[in-house]
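Participant: Top line first, the protein sequences correspond to chains A and B.
For reference, each letter of the first sequence is one residue, going 1 to 369 in the working numbering.
For reference, each letter of the second sequence is one residue, going 370 to 987 in the working numbering.
Do not take every clue at face value.
Stated by the list, open to error - Here are the simulated DSBU-like pairs of lysine-lysine, each with C-alpha atoms no more than 30 Å apart in a straight line:
{"no.": "1", "chain 1": "B", "residue 1": "614", "chain 2": "B", "residue 2": "575"}
{"no.": "2", "chain 1": "B", "residue 1": "900", "chain 2": "B", "residue 2": "741"}
{"no.": "3", "chain 1": "A", "residue 1": "130", "chain 2": "A", "residue 2": "302"}
{"no.": "4", "chain 1": "A", "residue 1": "179", "chain 2": "B", "residue 2": "384"}
{"no.": "5", "chain 1": "A", "residue 1": "302", "chain 2": "B", "residue 2": "384"}
{"no.": "6", "chain 1": "A", "residue 1": "302", "chain 2": "A", "residue 2": "179"}
{"no.": "7", "chain 1": "B", "residue 1": "384", "chain 2": "A", "residue 2": "130"}
{"no.": "8", "chain 1": "B", "residue 1": "794", "chain 2": "B", "residue 2": "575"}
{"no.": "9", "chain 1": "B", "residue 1": "731", "chain 2": "B", "residue 2": "741"}
What the hints assert, rightly or not - Partial list, computed: chain A residues near chain B (C-beta under 7 Å):
{"no.": "10", "residue": "178"}
{"no.": "11", "residue": "179"}
{"no.": "12", "residue": "235"}
{"no.": "13", "residue": "236"}
{"no.": "14", "residue": "238"}
{"no.": "15", "residue": "239"}
{"no.": "16", "residue": "240"}
{"no.": "17", "residue": "241"}
{"no.": "18", "residue": "244"}
{"no.": "19", "residue": "249"}
{"no.": "20", "residue": "282"}
Just so you know, the hints here were simulated from the structure itself, not pulled from any lab data.
No residue lacks a Cβ here, since even glycine has one placed at the ideal position from N, Cα and C.
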Amino acid sequence: MAIGRTIRDDFDWPLFIAVSTIALFGVLNLYSATDAGTTSDAYIQQLYWLVLGFGVAGITAAIDYRHFERYGWLIYGACVSSLILVFVLGRSVRGSTRWIALGGFSLQPSELMKIGLIIALAKYLHHDTKTGGRTLADLIIPGLILALPMVLVLIQPDLGTAMILAFIFASIMMLTQLKARSLVTLLTTFVLAAPVTWFYLLKDYQKERITAFWGRLGGTQTDLLDSGWHTHQSLVAIGSGGLTGKGFTQGTQTRFRFLPDQHTDFPFPVWAEEHGFIGAFLLISLYLFLVLWSLRVASQAKDRFGAVVAVGVGAMIFWQTVVNLGMVSGLLPVVGMTLPLFSYGGSSLLSTMLGVGLLMNVSMRRFSH
Amino acid sequence: MITLSQRREVGEFRKRYRWMALFVVLVFGGLVIRVAQVQLFQRDRWSGIAQQNITKTLELPATRGMIRDVADRVVASNRPSYDVYATPRLLQPGDLERIASLMGLSEEEAASLNARIEELPPSRRSHQIELYQDIDRDQLAALETHLAELPALDIITVPLRDYPYATLGAHLIGYLNEVNASDMERAADPKDYRPGDRIGRNGLEKRYESLLRGSRGFRREVVDARGRALPGARPDSLEVEMLRKPVPGHDIQLTLDMRLMEAFDRAYRPYPSGAAVVVDIHTGAVRALYSKPVYDPNEMSSGLSTRRYAELTGDPFRPLIDKTIYETYFPGSTFKVITALAALEDHVVDPMQRVECTGFIKIGRQKFRCNKRHEWVDLYDSVVQSCNVYFWELADDVGIERINRFARAFGFAERTGIGVNSEAKGFLATREWYAEHYGAFRIGYTLNTAIGQGNTRVTVLQLAMAYAAIANGGTLHVPQVVQNVRAPDGSLSDTFQPRIKQNVGVAPEHLDLIRRALIDVVQEEGGTAYKARNREGVRVAGKTGTAQVVSRKGRSEESASAWYLDRSHGWFAGFAPADDPQVAFAVLVEHGGSGGLSAAPIATSVMQQYFTEPEEAE
Numbered sequence: 001m002a003i004g005r006t007i008r009d010d011f012d013w014p015l016f017i018a019v020s021t022i023a024l025f026g027v028l029n030l031y032s033a034t035d036a037g038t039t040s041d042a043y044i045q046q047l048y049w050l051v052l053g054f055g056v057a058g059i060t061a062a063i064d065y066r067h068f069e070r071y072g073w074l075i076y077g078a079c080v081s082s083l084i085l086v087f088v089l090g091r092s093v094r095g096s097t098r099w100i101a102l103g104g105f106s107l108q109p110s111e112l113m114k115i116g117l118i119i120a121l122a123k124y125l126h127h128d129t130k131t132g133g134r135t136l137a138d139l140i141i142p143g144l145i146l147a148l149p150m151v152l153v154l155i156q157p158d159l160g161t162a163m164i165l166a167f168i169f170a171s172i173m174m175l176t177q178l179k180a181r182s183l184v185t186l187l188t189t190f191v192l193a194a195p196v197t198w199f200y201l202l203k204d205y206q207k208e209r210i211t212a213f214w215g216r217l218g219g220t221q222t223d224l225l226d227s228g229w230h231t232h233q234s235l236v237a238i239g240s241g242g243l244t245g246k247g248f249t250q251g252t253q254t255r256f257r258f259l260p261d262q263h264t265d266f267p268f269p270v271w272a273e274e275h276g277f278i279g280a281f282l283l284i285s286l287y288l289f290l291v292l293w294s295l296r297v298a299s300q301a302k303d304r305f306g307a308v309v310a311v312g313v314g315a316m317i318f319w320q321t322v323v324n325l326g327m328v329s330g331l332l333p334v335v336g337m338t339l340p341l342f343s344y345g346g347s348s349l350l351s352t353m354l355g356v357g358l359l360m361n362v363s364m365r366r367f368s369h
Numbered sequence: 370m371i372t373l374s375q376r377r378e379v380g381e382f383r384k385r386y387r388w389m390a391l392f393v394v395l396v397f398g399g400l401v402i403r404v405a406q407v408q409l410f411q412r413d414r415w416s417g418i419a420q421q422n423i424t425k426t427l428e429l430p431a432t433r434g435m436i437r438d439v440a441d442r443v444v445a446s447n448r449p450s451y452d453v454y455a456t457p458r459l460l461q462p463g464d465l466e467r468i469a470s471l472m473g474l475s476e477e478e479a480a481s482l483n484a485r486i487e488e489l490p491p492s493r494r495s496h497q498i499e500l501y502q503d504i505d506r507d508q509l510a511a512l513e514t515h516l517a518e519l520p521a522l523d524i525i526t527v528p529l530r531d532y533p534y535a536t537l538g539a540h541l542i543g544y545l546n547e548v549n550a551s552d553m554e555r556a557a558d559p560k561d562y563r564p565g566d567r568i569g570r571n572g573l574e575k576r577y578e579s580l581l582r583g584s585r586g587f588r589r590e591v592v593d594a595r596g597r598a599l600p601g602a603r604p605d606s607l608e609v610e611m612l613r614k615p616v617p618g619h620d621i622q623l624t625l626d627m628r629l630m631e632a633f634d635r636a637y638r639p640y641p642s643g644a645a646v647v648v649d650i651h652t653g654a655v656r657a658l659y660s661k662p663v664y665d666p667n668e669m670s671s672g673l674s675t676r677r678y679a680e681l682t683g684d685p686f687r688p689l690i691d692k693t694i695y696e697t698y699f700p701g702s703t704f705k706v707i708t709a710l711a712a713l714e715d716h717v718v719d720p721m722q723r724v725e726c727t728g729f730i731k732i733g734r735q736k737f738r739c740n741k742r743h744e745w746v747d748l749y750d751s752v753v754q755s756c757n758v759y760f761w762e763l764a765d766d767v768g769i770e771r772i773n774r775f776a777r778a779f780g781f782a783e784r785t786g787i788g789v790n791s792e793a794k795g796f797l798a799t800r801e802w803y804a805e806h807y808g809a810f811r812i813g814y815t816l817n818t819a820i821g822q823g824n825t826r827v828t829v830l831q832l833a834m835a836y837a838a839i840a841n842g843g844t845l846h847v848p849q850v851v852q853n854v855r856a857p858d859g860s861l862s863d864t865f866q867p868r869i870k871q872n873v874g875v876a877p878e879h880l881d882l883i884r885r886a887l888i889d890v891v892q893e894e895g896g897t898a899y900k901a902r903n904r905e906g907v908r909v910a911g912k913t914g915t916a917q918v919v920s921r922k923g924r925s926e927e928s929a930s931a932w933y934l935d936r937s938h939g940w941f942a943g944f945a946p947a948d949d950p951q952v953a954f955a956v957l958v959e960h961g962g963s964g965g966l967s968a969a970p971i972a973t974s975v976m977q978q979y980f981t982e983p984e985e986a987e
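Isolated chain B, as found in the complex (with noise of 0.2 Å):
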């Protein structure tokens, strides 16, 4: 059936094969070319995802680091806090009821529980919120059994830090707060911190932030693409990290003997303020670190109001100050060793020769007077009996320069270098300083100078640390709170050795004067601080003093407080035990009044604690 005009009509269709099959050659290699592309040169891009597809990081936060004091009692720990959330859509008629139940809400809590998922606006109820924080373990029992059957809720754990001391030493310590925008940038790695992470935010805590934070870990999960976790599944090319545990932080030991801050903090009972600083005198290591009234930590943690922060800044007795070593104080007659040691040190005085005290000495039309009429006093009289009148005919001799210059040698005017917060400097007061803020300069600010008045501030630590240097035969040391820093498999990564600041440059047999003189002040009758003497037990040595509060004008019609917060501070300086010192303090009673009274018992009961109660006391 072939017909010639068959084959020609094919032939129409002929010219065109070849165009075709050109045609399809180049969109096919077009298309290999395409995927050639994708596989062989995009390939580890697409890999990448690819792998983050099929996986779900879960964060593993580190533990933080734990401060521990010197006899191993924690100071700072970890504990979980269990927060409830609830996803207010999924609340079932009655759950309500029940979560109350289940929590043991008094009808006012219920209340405000109803009234607070109610106020909630209807774009706002399929977020998930936040009803109670840290909720306690009955609480968490109950509702943890009833969970499956209550599916708004949910129990998110949360790690907290716990300061079991609460707020002793909470000024050193520090607390945590959530990071900000600056944290992040200033931090050496900033991935280190996320929102809402918290950091170091004062004392210790920001001090060794580095330590202790440690650093997050992560595992990751395989899920598909609906984010569901497949336990098991591990395909082979998966070449990610799987899992990198977190490094918990460093810990760290201080030189801080918490039963020592308890029992100050028993002592200090009657007063609503002070501080008091306990020293090793062979080492600078700190043993207390005391300042009255404190701040709550956990309060400062989660963010205070603007009202709460007002009442903590107006509140007269300045919970926000750390005492030891922000505030600055006049010395009062705990200076007067300074004084006798600069006298003594350049042969100023002979300190045999006597001086009669008549209650008072007049300087030109100026009457300055004693605390009483010493009658005829040497040296060592005075600085046991606190004779005014004998440093007052002293310091002429003596002259400013020279007690400012063993001032500065024992470590005043100058911060100690503890490392820790903010230290004030304190001051001492130069003859041109005078004479250009006073107009000139008088033998009287000399006087005032001698005895610790004047212009002389000092810090609470600073007095602490130059009664060491007299305790310990003239070495001055810088002062420290940490004793070592652990890794988290419990080796020492560092151990804090101790540091001498300097040499005060006293003969030992002048210091060794003084120390006698200290002694006699608490163990002698007629001492300034006998009454406040152990009648058994642990014999303290140490100086008083009282030191006039600038007047604070413009209160005292206000506040019916006013005329404590006039009343002087009592000092007690010194050291203990007497005949073979170990540890040198400096305690302040704020507005304490005469320091043999207010401040030195203070420091006799907390030393006879501190050396007589075995270690395991509680």
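Just chain A, same shape as in the assembly (with noise of 0.2 Å):
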């Protein structure tokens, strides 16, 4: 520990210019999406979005994460009531339940919540006595405080987002060392539960969707209606971009509007189709790094808590990376899930930065000062 030093040189540089590189990107991506900013001032709202995002991360960053480890529990709280408050306030967009209006802009709780789940997991696993060969009975207490929310998100409904929070539930979880037996017994009970969920749990939207997914990757799929259509346009602005990509606001998928919506779940395609394999590949290799590194940042955490947040965090921008580039490249079904940082929409870049703002704060204080 060198004598003199403050926080602000351990200001984590690589993580900042990581996101807001991806940030920049996707409000010149935006501009482009919606018809080179002539129809839409989407991407000025995104700025401010994201000067906002900044400065919720910077006061993030800037207070102890410890405070956050006491208040905790009250975080998750709020969180958790945000969510029943939804069905009190919110307002209903294409049939699902998802936001609350705030003054003069709306917000969705879902989000806020993935940042509370990670806190309330960090606390729970921070205070936790037990230093491996953990049970399944240690996981019904960390597994409750998923479920309390992930059951709120899903009468919204919002798979994507109950979804999101069940693997950055299980991606903590797999810091811990579970012993073999039991996650061999996790896993069957997953497999058994499928056909439940199938049947009870899924709307006949998702099933569809999925189905049509199945099909596109059997080669049944020959109708191109739906959620079948917004991947094969999706594949066909990302494939038409080839090497090099049509240019900027040079996308004839983007700007004769063949991408479902391009600028929320559909950002990528749009992405790609101008810039092409280079552009695609930059991006994905920024998304990469930052999940790398916050593994790194996780693994340099001085305790528990900043561990498992910054693992939390990590987890959470993975996972809606992996499910939306891999939801608009044909891989995985069509799921709403907006691509971190690089999406259109407050709330989404809100709580991203909002983990950023967490992850930053865990590297800062990688040191105890």
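Each of the two chains sits in its own frame; use the hints to bring them together as a complex.
Facilitator: Following this line, the structure appears as structure tokens:
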């Protein structure tokens, strides 16, 4: 510990640069996706959100994360409450209730819930006395921490976010040393639960998407309706980009609106169409860096809370990226899933920036002051 | 505040990071591979779809080539047909009344329009239905003015083949109708034809389909995902051809003279059926190919109902048949010139030798009657007066083989090679044929053959070609109806040179003798066509003929017109002007009786008009 070293000296520049680059690419991409800004000023809005996001991240990073640890349950409780509030105040978009209006803009509590879950799990594990050889019984309390918000999100229904919550949970729990026997039991349960999920939990439109996906993978899908159509047009956009792309604002799939939800769930095809494989590779590399960097931050964390938070944020970014890219490239069924930092949308950006702030926080405080 | 225990706690996690990092790298690697596969290896396929996505191809039909006659009169052209379509679901109350009044429909027509719309089942009401085809100019103007207020209505323009001369020459010119599956299979490039396209189905339209048709073009529009056109948008990545102009078809100029055709049409007015051919004796160019009656090409192209088809096939005057090339007839006395030339050329007869015609001859117990008692006639007289007795006396000496040989030399019993539509060969009966079909050969058959009865069958065109050979000194041409073909830019792409089929192999002086006789048939008192002569103007030469009709047994009782259908056909074949022949002709009046009274006047009057009226008489 160098003498006179301050927190400012430990500012995590690589993290900052990676996040900023992705976010700026996102704004540029949004500008193109909305007819080069002619029919919509969404990219300006996104810039406001970005400024706000960096502000939030800065504040989050500035406060010693031990305070978050201290108020962990409170934060978790607030997030869960806001999820419940959705059903009271929420407004319905395309059949699901995910939003609450907050002053002039709307907020998606399920996005914030991801952070809430990470903090809650981190707090739980921080105070856990066990250091290995965990059994299924040890998963009960963390499982309940997951289950409460997950059920609320499923009711909305927002399958994508519920899935991400589960993935974050699973990733964090992979940090702990679960006994092999317990792991086997767990996997068996999941396999057995699949039919139950299919028949009782999934909505028809969700089933259709999955069927379409399997049909496409098996080559039996012939019609290009609905979700199959979305994936098809997405592949057309990505594929027609070739190596170097059609050039900024020159993507025809984008300009002539063949891409569905092109600024929220399908911004990657826009990017890949206009910037080609080179651009796509660059963007994917940035995400890869971001995730690996968060693992590095976790590994250097001085305590469990910090490590779990870093892994949680990394997992959140990783899974959302993988699901979104897998979906737009036809590897995974179409589920509503934004691409972190890159997609249009304030809530998604804010929750990611909160995560980034936490990551920065843990990174800057890896040394004991 | 750091304690060692805290450090150890983190240690539980430490073993996991490597595995996590490995997992993350593998998953991202997988994504990169997938993106590389789509962007680098499948690029062409996706690019193709991307371009198809944003382009809408509008087909540009090619204009079919024009057909003109020898004097550039338009025989077949194109004009737009304005067809009215309606989407019944979109009809507002009062719209139908509005349409009826704009189109000037009668009360009955308006009622039938209402009925048509009302009868539609609800399931069909969202589909566009055709209300009227080819509305006239006034109706079009009225509807177009109010089209914006009638959203249910659409006016669609389709090109329509137009035949200004309507039925005149319809067999030769032909017609179009919709392509069927086998047409599309047969086409060299099946993509050339789409369902709904029209194809030449008959006549020149069929024969020259590949030249007349041209090739379609297209215009591509940039459209968005909803199919809306985006004028001016032209993305750089669009590598497809945006416009291919249609190539119009070639224009065809015929050798036919429509003014001559019209003259025939007027001249045939008194008769319900017949046929006439006029050819240029120097080239074989066909100037007229007239067959009556004719179907309406417009009717044929829209598709015949079974009833209408039965009507056409049941018509005793056979409108579906081209009587100039597809029907065969006994040549009657017009054939005598062949017998005469056969006898002269092989020196079987001394043309100066006279034969006494007592009005008949007796062969065994059978009496063959002449049309009158001609007294003493030589070969020349017997052609002029058409004396059967002279030719009967001659027949035995000439013999059926020789007559047939010379008939073949003049092109009979063989297709002329005009190359359009189906052509009949005609028929010459041989000794063997008679033996086979009638038991034994008898001298009477030769007698009948010598005067063009018997079983000799010729087409009107064959007869005209044979007379052209007589008129031009012995050259038998292949008849031709197309003079030249022009590319869309107006340049000549093909010119049809005269084609000689064969030389008839008859000495000029013999042909000359016959020509002089043919002149006197018309010009000399006592000639069988003397009454039909042009008192002033064009001198015409020719031979009359009266061909017996095989009695249509069984029909006689049914039909009031049966007596007419049993009448003989009248022939007149020859050339004009008599002293400097330019054209040869064969004129047939079905059931016209005596050729001198029916066919000859038609020929002389038409020739008079053809050679005297100025070109721009119309």
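Participant: Evaluate each hint against the coordinates.
Facilitator: The hints, checked one at a time:
no., hint, verdict
1, B/614 / B/575, "24 Å, holds"
2, B/900 / B/741, "17 Å, holds"
3, A/130 / A/302, "17 Å, holds"
4, A/179 / B/384, "14 Å, holds"
5, A/302 / B/384, "15 Å, holds"
6, A/302 / A/179, "25 Å, holds"
7, B/384 / A/130, "16 Å, holds"
8, B/794 / B/575, "21 Å, holds"
9, B/731 / B/741, "15 Å, holds"
10, 178, "11 Å, violated"
11, 179, "13 Å, violated"
12, 235, "6 Å, holds"
13, 236, "5 Å, holds"
14, 238, "5 Å, holds"
15, 239, "3 Å, holds"
16, 240, "4 Å, holds"
17, 241, "6 Å, holds"
18, 244, "10 Å, violated"
19, 249, "10 Å, violated"
20, 282, "11 Å, violated"
In this structure, the hints that do not hold are numbers 10, 11, 18, 19, 20, in rising order.
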